[in-house]
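Novice: Sequences are here, hints too, so could you generate the full structure?
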Amino acid sequence: MKTNLPDFLSRRFAHSRYVLTRRWYLAVLAILLMMPGLLYVHNASGVYYSSVNVLFLPPPNAVGGGNTLRAEAGSTVQFAALVERKFNEGRDTQDLPQPTDAHLYATGVKHGIRVYLPNAGGQWQTNFNRAELRVEVVGLSETEVLDNMRTTLDALRSLSLKPQVDMGILEEARITTEMSPDQPMAAYAWVRNSRAEIAVGMIIISVAYAAAHLGDLLISAVGRKRATRKRRRMEFQAASVSVDA
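Okay, so the sequence shown: first residue is 1 according to our numbering, each after it adds one.
Since the hints were derived computationally from the structure, they do not count as laboratory data.
Zero decoy hints are in this set.
Label-pair ranges, simulated between beta-carbon atoms:
id, residue 1, residue 2, range
1, Leu29, Asn119, 48 to 58 Å
2, Ala196, Leu9, 24 to 34 Å
3, Ser180, Asn119, 12 to 22 Å
4, Leu39, Arg229, 36 to 46 Å
As the structure is a computational prediction, the values presented were derived from the model and not from experiment.
The C-beta atom is built at its ideal place from N, Cα and C for all residues, glycine as well.
Specialist: Written out as structure tokens, the structure reads:
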């Protein structure tokens with residue numbers, strides 16, 4: 001026998017409305033228990049954010065000095081990648097989102113530093129053709145962000161200079177770094193909570209709906225068991241009276 005879908009949905013809707021009307025207090029209790037989560041998402045504050053590009057520049061002229069790192073344009077990019085690996089080596093970066101088009105402050109991180117080589121390629125193929133590192137810092141105060149940014153930039157300068165000094169490369173033949181902008185600035189980034197609020201709201205509604213229906217099933221099952229025990233007790237008493245008679 002085929003089920004008429006509109007009639008089935010109508011019956012399910014009527015049943016749900018009956019349960020929610022009968023067990024409204026369970027739904028309200030679930031909403032009250034979940035409400036702090038919605039309030040937390042609604043009142044979530046933004047973060048301070050700063051971004052600087054560290055440009056790696058080859059020597060301005062073709063003077064000697066034996067700097068093999070500037071043999072070709074790609075070598076400068078490779079040198080920037082080497083500095084990136086040295087900086088991130090040993091750092092706890094697994095909790096930070098991988099480099100994407102989204103800014104670090106838009107990924108939900110409240111405290112963090114991200115240093116990476118920008119990818120100019122598409123979705124299916126990477127292309128690292130720019131000799132620069134992007135530095136992103138987020139924090140809950142402007143002072144925290146600027147201090148961490150200055151510390152990070154100093155570390156990158158040191159990592160780019162040390163291998164060239166160790167190789168004995170003349171100063172005029174070294175790859176140099178330049179910051180863009182040259183003076184880091186921190187801005188406050190508001191967190192857009194609307195999507196999170198909608199998601200949490202849907203979860204609350206689902207939990208309230210489930211609480212009412214599961215509670216109704218449990219209460220009904222307990223009621224049936226009590227009714228069964230009462231009926232059996234009455235039948236036993238009636239049988240006892242009949243035997244005595």
